[in-house]
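Novice: Residues per chain are reported as follows:
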Amino acid sequence: MTPHADTPTTGGTGAPPTVTLAIWRGDAGGGAFRDYTVRAIEGEVVLDVVHRIQAELAGDLAVRWNCKAGKCGSCSAEVNGKPRLMCMTRMSTLDTTAPITISPMRAFPVMRDLVTDVSYNFAVARRIPPFAPGPPTGDGTYRMAQFDVDRAQEFHKCIECFLCQNVCHVIRDHEENKPRYAGPRFFVRVASLEMHPLDTLDRRQLLRTELGLGLCNITKCCTEVCPEHIHITDNAIIPLKERVVDAAYDPVAWLGRKILRRARPTPAAEAAASSPAQQHNEVIVTDPPAVSGD
Amino acid sequence: MSDYETHTFDVLVIGAGGAGLRAAVETEAAGATTAVVCKSLLGKAHTVMAEGGIAAALGSVWPEDSWQVHFRDTMRGGKMLNNWRMAQLHAQESPDRVLELESWGALFDRTPDGRILQRDFGGHRYARLAHVGDHTGLEMIRTLQDRAVAAGIEVFMECKIIRLLTDPSGAVCGALGLWRESGQFVVFHAKAVILASGGIGKTWKFTTNSWEGTGDGHALALWAGAELVDMECIQFHPTGMIWPASARGLLVTEAVRGDGGILKNRDGERFMFSYIPEYYADETADTIEEADKWYDDKTFRRPPELLPRDEVARAVNAEVKAGRGSPHGGVYLDIASRRSPEYIRRRLPSMYQQFKELADVDITTQMMEIGPTCHYAMGGVRVEADTEASTVPGLFAAGEVAGGMHGANRLGGNSLSDLLVFGRRAGIGAVEYARGLQHPPVPDPGEVEAAAAAALGFFDHGGPENPYAVHQDLQEAMQSLVGIIRTEADLVRAVELLDELDGRARAVAVEGPRQFNPAWHLALDLQSMLAVARATTLAAIARRESRGGHTRDDYPDPDPEHFGKLNMVVRLDKGTVTVTERPIPPMPDELAALLAAER
Amino acid sequence: MTAVGQTTRAPEPVPLRIGGVRAGPGRTVVLRRDRWWMQPAATAAGLLAFVAYSTWAAFRNGNYYAGGVGRDYLSPFYSPCLTHNCHGYVWGPITGSWWEVSPALLILIFPLGFRLTCYYYRKAYYRSFWLAPPTCGIADAGSTNPGGPRARYTGETRFPLVLQNLHRYFFYVAVLFAGILTWDAIAAFRFADGVGVAVGTLVLTVNAVLIWAYTLGCHACRHLCGGNQRALSQAPVRRWFWRNVSGRLNPHHQLFAWLSLFWIGFTDFYIWLVATGTVHDPRIF
Numbered sequence: 000m001t002p003h004a005d006t007p008t009t010g011g012t013g014a015p016p017t018v019t020l021a022i023w024r025g026d027a028g029g030g031a032f033r034d035y036t037v038r039a040i041e042g043e044v045v046l047d048v049v050h051r052i053q054a055e056l057a058g059d060l061a062v063r064w065n066c067k068a069g070k071c072g073s074c075s076a077e078v079n080g081k082p083r084l085m086c087m088t089r090m091s092t093l094d095t096t097a098p099i100t101i102s103p104m105r106a107f108p109v110m111r112d113l114v115t116d117v118s119y120n121f122a123v124a125r126r127i128p129p130f131a132p133g134p135p136t137g138d139g140t141y142r143m144a145q146f147d148v149d150r151a152q153e154f155h156k157c158i159e160c161f162l163c164q165n166v167c168h169v170i171r172d173h174e175e176n177k178p179r180y181a182g183p184r185f186f187v188r189v190a191s192l193e194m195h196p197l198d199t200l201d202r203r204q205l206l207r208t209e210l211g212l213g214l215c216n217i218t219k220c221c222t223e224v225c226p227e228h229i230h231i232t233d234n235a236i237i238p239l240k241e242r243v244v245d246a247a248y249d250p251v252a253w254l255g256r257k258i259l260r261r262a263r264p265t266p267a268a269e270a271a272a273s274s275p276a277q278q279h280n281e282v283i284v285t286d287p288p289a290v291s292g293d
Numbered sequence: 000m001s002d003y004e005t006h007t008f009d010v011l012v013i014g015a016g017g018a019g020l021r022a023a024v025e026t027e028a029a030g031a032t033t034a035v036v037c038k039s040l041l042g043k044a045h046t047v048m049a050e051g052g053i054a055a056a057l058g059s060v061w062p063e064d065s066w067q068v069h070f071r072d073t074m075r076g077g078k079m080l081n082n083w084r085m086a087q088l089h090a091q092e093s094p095d096r097v098l099e100l101e102s103w104g105a106l107f108d109r110t111p112d113g114r115i116l117q118r119d120f121g122g123h124r125y126a127r128l129a130h131v132g133d134h135t136g137l138e139m140i141r142t143l144q145d146r147a148v149a150a151g152i153e154v155f156m157e158c159k160i161i162r163l164l165t166d167p168s169g170a171v172c173g174a175l176g177l178w179r180e181s182g183q184f185v186v187f188h189a190k191a192v193i194l195a196s197g198g199i200g201k202t203w204k205f206t207t208n209s210w211e212g213t214g215d216g217h218a219l220a221l222w223a224g225a226e227l228v229d230m231e232c233i234q235f236h237p238t239g240m241i242w243p244a245s246a247r248g249l250l251v252t253e254a255v256r257g258d259g260g261i262l263k264n265r266d267g268e269r270f271m272f273s274y275i276p277e278y279y280a281d282e283t284a285d286t287i288e289e290a291d292k293w294y295d296d297k298t299f300r301r302p303p304e305l306l307p308r309d310e311v312a313r314a315v316n317a318e319v320k321a322g323r324g325s326p327h328g329g330v331y332l333d334i335a336s337r338r339s340p341e342y343i344r345r346r347l348p349s350m351y352q353q354f355k356e357l358a359d360v361d362i363t364t365q366m367m368e369i370g371p372t373c374h375y376a377m378g379g380v381r382v383e384a385d386t387e388a389s390t391v392p393g394l395f396a397a398g399e400v401a402g403g404m405h406g407a408n409r410l411g412g413n414s415l416s417d418l419l420v421f422g423r424r425a426g427i428g429a430v431e432y433a434r435g436l437q438h439p440p441v442p443d444p445g446e447v448e449a450a451a452a453a454a455l456g457f458f459d460h461g462g463p464e465n466p467y468a469v470h471q472d473l474q475e476a477m478q479s480l481v482g483i484i485r486t487e488a489d490l491v492r493a494v495e496l497l498d499e500l501d502g503r504a505r506a507v508a509v510e511g512p513r514q515f516n517p518a519w520h521l522a523l524d525l526q527s528m529l530a531v532a533r534a535t536t537l538a539a540i541a542r543r544e545s546r547g548g549h550t551r552d553d554y555p556d557p558d559p560e561h562f563g564k565l566n567m568v569v570r571l572d573k574g575t576v577t578v579t580e581r582p583i584p585p586m587p588d589e590l591a592a593l594l595a596a597e598r
Numbered sequence: 000m001t002a003v004g005q006t007t008r009a010p011e012p013v014p015l016r017i018g019g020v021r022a023g024p025g026r027t028v029v030l031r032r033d034r035w036w037m038q039p040a041a042t043a044a045g046l047l048a049f050v051a052y053s054t055w056a057a058f059r060n061g062n063y064y065a066g067g068v069g070r071d072y073l074s075p076f077y078s079p080c081l082t083h084n085c086h087g088y089v090w091g092p093i094t095g096s097w098w099e100v101s102p103a104l105l106i107l108i109f110p111l112g113f114r115l116t117c118y119y120y121r122k123a124y125y126r127s128f129w130l131a132p133p134t135c136g137i138a139d140a141g142s143t144n145p146g147g148p149r150a151r152y153t154g155e156t157r158f159p160l161v162l163q164n165l166h167r168y169f170f171y172v173a174v175l176f177a178g179i180l181t182w183d184a185i186a187a188f189r190f191a192d193g194v195g196v197a198v199g200t201l202v203l204t205v206n207a208v209l210i211w212a213y214t215l216g217c218h219a220c221r222h223l224c225g226g227n228q229r230a231l232s233q234a235p236v237r238r239w240f241w242r243n244v245s246g247r248l249n250p251h252h253q254l255f256a257w258l259s260l261f262w263i264g265f266t267d268f269y270i271w272l273v274a275t276g277t278v279h280d281p282r283i284f
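Protein chains in written order, with numbering that gives the first Met the number 0: chain A, 0 to 293; chain B, 0 to 598; chain C, 0 to 284.
For reference, chain A alone in the conformation it holds in the complex (with noise of 0.2 Å):
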């Protein structure tokens, strides 16, 4: 090892400080928390510890990660049960005196140590139908206020560290709903699509249908968790729930049509029309007996 010009955490004699993780290791197959102890440097992060462990004692250690200043939304884990990114949680808001628990995301399938299999979500994204606009001004651009670009910018924001969908106990507790659930993180998304200024879908249905937005009982766990502080529940989830009334429950809004009659096409059907989900056929397994990759 190559000494670093860092400092100890605190001076003191003797011993250097060191700190204790508990990192759950192992596979589908079962596994077990194990204790590792290095030095403790200040000013660190859990992801620096975690790193320290796979150089000097746990080389095979498992562990997503790429950027390193909460931009990428790698690093997602649950240190003692919270889930965290690493790389943004500083060891010294930490209690030290115990060993800190490193545990991959529940929601997920474990491949090995702290990796999950987050195929889920990607497999939610393929089917939100994608962004339409409609027909750019004159001279062939798009002219938009700030005003109105600032509620999807908050969406846009989404690093797809897929916290939120790990916290949510409608999936994290019962798994059987993932294939009728897309997720606070793709609520966020189609919220951004909902609320876009040059969009012209109506993906309201599908949110009733496909996507399960009725599933979500706004506990706002996602936005407890959201590294990025978007404000998940009351400016996603709850505006599409209200759309979705609009759409669907709004018994006001439904004799009007019947009265009106007014002649559009439904929004199913557009939405069914461009959802790259309906042109593919997608196969959704669900409960295989294994992890995937083998």
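Please keep in mind that the hints were generated in silico from the structure rather than gathered at the bench. Model, not experiment: these values are computed from the prediction. Hints are not guaranteed to be accurate.
[As the list claims (entries may be wrong)] List of simulated lysine-lysine pairs, DSSO-like, C-alpha gap at most 30 Å: (1) K263/B <-> K355/B; (2) K320/B <-> K263/B; (3) K297/B <-> K263/B; (4) K257/A <-> K122/C; (5) K355/B <-> K81/A; (6) K204/B <-> K263/B.
[As the list claims (entries may be wrong)] Footprint (simulated), chain A over chain B, 3 or more residues, beta carbon under 8 Å: (7) 100-106; (8) 446-458; (9) 466-479.
Cβ coordinates follow ideal geometry from the N, Cα and C atoms, glycine included.
The hints should help you fit chains B and C onto chain A, whose structure is shown.
Specialist: Coordinates of chains B and C only, in the frame set by chain A:
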């Protein structure tokens, strides 16, 4: 080797950042079956970390702006080493690419009349960067990702390409990959391969790059017989975080300076005025008064904080060396005293968050401590400007892995537009090449067997080396010997160390299973990093002058008569990395005239 | 393999698998170390306290109008004035002395419906009573049923919870009620000797203000006043409403939910104290 899965496509794109996804969207739209392979999950590529914006002469803020001015800025920023044809195409096409991105759903910040807002950046004469706060790269990659998903492009995630496969004529016709998750091999047959694998920053100790920036594409191209160009030109971004130590190197976007931030030393002096080089003297303000007027009136000259990155990085470096640095060995970047807290939070939300959460610094009231950090490789695969075809048939390159576009130094914001412009062109080039093939080439199975066996070799030879330790020593060596300021003696010493590290990297032993084993992945990445490190070091020895991202203490001045007219070309010659000089082709008169024009 | 140039290729998606072996630490193992049960417990205690009080108040059916002591105060639990017990108030009663059932039982259906379907209260009681989930990262009760089968979780897609979607209708009624309570607050300024202010006046005024703050900050209101639009920049009135509801009231919806809940109970209690003569309502001017 027992068995491996095989997939066949028309075009294989290696890398799922901006360039790779843009290329794939293009090839798929052209009717070519396309696969994208990436080392991480989709959407995590290093492009997400690009912060400031996309440079394009849209003229929505300053109607005076035009591709000609953008071309001129790019060439001057690149110290004239650029492939001028690429710089021209880039300046001409980037506005269309930005508007195209918007029509695919990207939401840029707006001007009061509803157009795309543009921000100031170093080296750009006009406010030119289309942006979304300070997370433009995220916007770009998510837009392209959604576009690719909607198009049904197949993405092979968490799959590392370890070798390009060639047919007996030497044409590239596929690649050998490794599923990181399962540790199994996968072979891709493809008529054309587009490299879009990004940068090489992980070879240095302090870098803005993510773990993926190990120079895989550069090394794959080199091993497949392609030429690399300008490898000695490495951009050190002047503003990286330096405290806390674990966050050292993290990018602090140039947008801080574009939006009004200034650099100060320990004594509170705005020191950049002392570092205005002759080359930029007539376009750089030399008084604080003039500099501060420029933000609103472009008839004044630009503040020296917005000199190209190479100049600012050298100035910061010199200031620290002269003993006027901050406590942790950097200088101060101050926007708190220049702009309101609301403005800062609105324009720089992720910088605010990054400093708040990692360093306990509130950038709306406190100064940031910053220092240079390895950011970008100007050099890369030598390509044909219009098609991005490399010197090997069937191999194309776009984005950071391609060389030439940025010359000796890249201007901020030119990278994201580079990805779009040349990603698209590489896609078109690859499809055309694939269409022209009479018989799809077939890779040699022996090549696959040999490469796979070599990769598996790390498991059972029982060597003494820890891959993490070798990587750390490589980073130390490159940081201290092939860093921002170089000398012949240091570079020669670096070559010696690289010889030694080559041996150690071969003696790396990996324990544990094949499934998602980071030590094994690092052992393989080390092969790429060492190849790239050698290419960079040898090219740096050959260029005996200082220019852009290559500064020689022993040759401190540019040599316009000799080296200014040459690119350094690196290739593999019978297994040995060699450097040759290649004259820069003369520029057509109409382009030369743009450079001669008054500012 | 298809040749380049043929665009008729039917895309064959990579098969996507959902499910798999969760492994990891046991699904119901609690790794959180903080006192995570505090928040749901406190919420449950607060809500139960209010239920207990309001039950007593609703069945009291008396001393909800302070007309007997020279004050025109009507308890919000019994407003609008329906029966003879508030005889003498500025309006009502609409029934005679034959009516025996507590009018609060009729009246409270509406504010109760509004609050039960409110997005904030839903979160509060789903967490603290349903335990679905009790708090973030803790397994929900339906999935940990000891010994029994795991409950199927259907969220708000089935009867009766699908009725949560009627929130906006309760909102319309709630606006009506907020208007009535505003009237009650204005009436509280009326004294035998003309306009004046007593402590009870302030109590009723604060009550009306908090009710408005809670009602207008409602997510349904936010949607109806402009949130349902894709772009608001061209609609200045809606834009103003949406901006203020979104920016000033809705972010504090939880706070106003609790403040108005507490205060409405306190208002009733204060009026009871005044009506029974327990407290002499001091006149300020």
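Novice: Would you mind marking each hint as holding or not holding in the structure?
Specialist: Tested hints:
1. Between K263/B and K355/B, the direct Cα distance comes to roughly 21 Å. Compliance with the 30 Å bound is thereby established for this hinted pair.
2. Under the criterion of a C-alpha separation no larger than 30 Å, the hint pairing K320/B with K263/B is consistent with the structure, at around 14 Å.
3. With a C-alpha separation of about 24 Å, the suggested pair K297/B and K263/B falls inside the 30 Å cut-off, and the hint holds.
4. With a C-alpha separation of about 34 Å, the suggested pair K257/A and K122/C falls outside the 30 Å cut-off, and the hint is violated.
5. For the suggested pair K355/B and K81/A, the alpha carbons sit about 21 Å apart, so the restraint of at most 30 Å is met.
6. Among the hinted pairs, K204/B with K263/B is consistent with the structure: their alpha-carbon atoms are about 25 Å apart, no more than 30 Å.
7. Interface restraint, the stretch 100-106 of chain B with chain A: holds (5 residues with C-beta to C-beta distance below 8 Å; minimum three).
8. Only when three residues or more bring their CB closer than 8 Å to a CB of chain A does the claim for the stretch 446-458 of chain B stand; here the count is 0, and the claim is violated.
9. Here the stretch 466-479 of chain B counts 6 residues with a CB under 8 Å from a CB of chain A, which clears the bar of 3, and the coverage holds.
Of the hints listed earlier, those the structure fails to meet are numbers 4, 8, in rising order.
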